[in-house]
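Chemist: Quick note on numbering: my numbering labels position 34 of the sequence shown as 47, and the sequence is numbered without any gaps.
Calculated directly from the structure, the hints in this document are not laboratory data. None of the values given here were measured: they were computed from a predicted structure. Some hints here could point you the wrong way.
[Unchecked claim] Pairwise CB distance ranges, derived in the manner of DEER restraints:
1) Arg97 to Lys53: 31 to 39 Å
2) Ser119 to Val70: 15 to 23 Å
3) Ser51 to Leu98: 30 to 38 Å
4) Leu100 to Lys75: 15 to 23 Å
5) Leu100 to Gln52: 31 to 39 Å
6) Val99 to Ser51: 27 to 35 Å
7) Gln52 to Arg97: 36 to 44 Å
8) Gln52 to Leu98: 30 to 38 Å
9) Leu100 to Lys53: 26 to 34 Å
Think of the CB as a built atom: it goes at the ideal place given N, C-alpha and C, for glycine as much as any other residue.
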Amino acid sequence: MKAKIADFGLLRYSEGTSVAATRVMGTPGYVDPAYCRSQKATPMADVYSFGVVMLTVLTARKAVFSMEAEQAAFKDPHLEALDRLVLQLARLALSCIAMPTASRPSTSRC
14 MKAKIADFGL LRYSEGTSVA ATRVMGTPGY VDPAYCRSQK ATPMADVYSF GVVMLTVLTA
74 RKAVFSMEAE QAAFKDPHLE ALDRLVLQLA RLALSCIAMP TASRPSTSRC
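Model the full structure from these sequences, guided by the hints.
Modeler: Structure representation (structure tokens):
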């Protein structure tokens, strides 16, 4: 399975470099906290946003985060009853929002 996302329209980066934005923009909960702190757009910020979107779809709930992304809770009692594929997607989504950013999967794995 391979996800395809054309553009979130928020972060821009060029191959091999990071670009500093003039301000942070995006929907709260979907923007990578590391981007908010550093103001540097990277592919890992897109991986984070993709993970949040997947969790939103899987749980049918809006993304709600505390001050630290590590404390984000996506706990749904119905998730236990879902098949193996959905659980794999949930694990991938959680890995996409992992902190620190270096522990997130590459964009090719998503």
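Chemist: Range hint 15 to 23 Å: satisfied by the CB atoms of Ser119 and Val70?
Modeler: Taking Cβ atoms as reference, Ser119 and Val70 lie about 21 Å apart, which means the hint holds.
Chemist: Is 27 to 35 Å right for how far apart the beta carbons of Val99 and Ser51 are?
Modeler: 33 Å, holds
Chemist: Could you tell me whether the CB distance from Leu100 to Gln52 stays inside 31 to 39 Å?
Modeler: 35 Å, holds
Chemist: Tell me if the beta carbons of Leu100 and Lys53 are separated by a distance inside 26 to 34 Å.
Modeler: 33 Å, holds
Chemist: Given a hinted range of 30 to 38 Å, is it respected by the beta-carbon distance of Gln52 and Leu98?
Modeler: The hinted range 30 to 38 Å holds for Gln52 and Leu98, with Cβ atoms some 37 Å apart.
Chemist: For Gln52 and Arg97, compare the CB-CB distance with the range 36 to 44 Å and indicate the outcome.
Modeler: Roughly 39 Å apart at Cβ, these two residues keep to the hinted range, so it holds.
Chemist: Given a hinted range of 30 to 38 Å, is it respected by the beta-carbon distance of Ser51 and Leu98?
Modeler: Given range 30 to 38 Å: holds, Cβ gap about 34 Å.
Chemist: Could one say that the CB atoms of Leu100 and Lys75 fall in the range 15 to 23 Å?
Modeler: About 21 Å separates the Cβ atoms of Leu100 and Lys75, which means 15 to 23 Å holds.
Chemist: May I ask you to test the hint 31 to 39 Å on the CB atoms belonging to Arg97 and Lys53?
Modeler: 37 Å, holds
Violation of the numbered hints given earlier is absent; every hint is satisfied by the structure.
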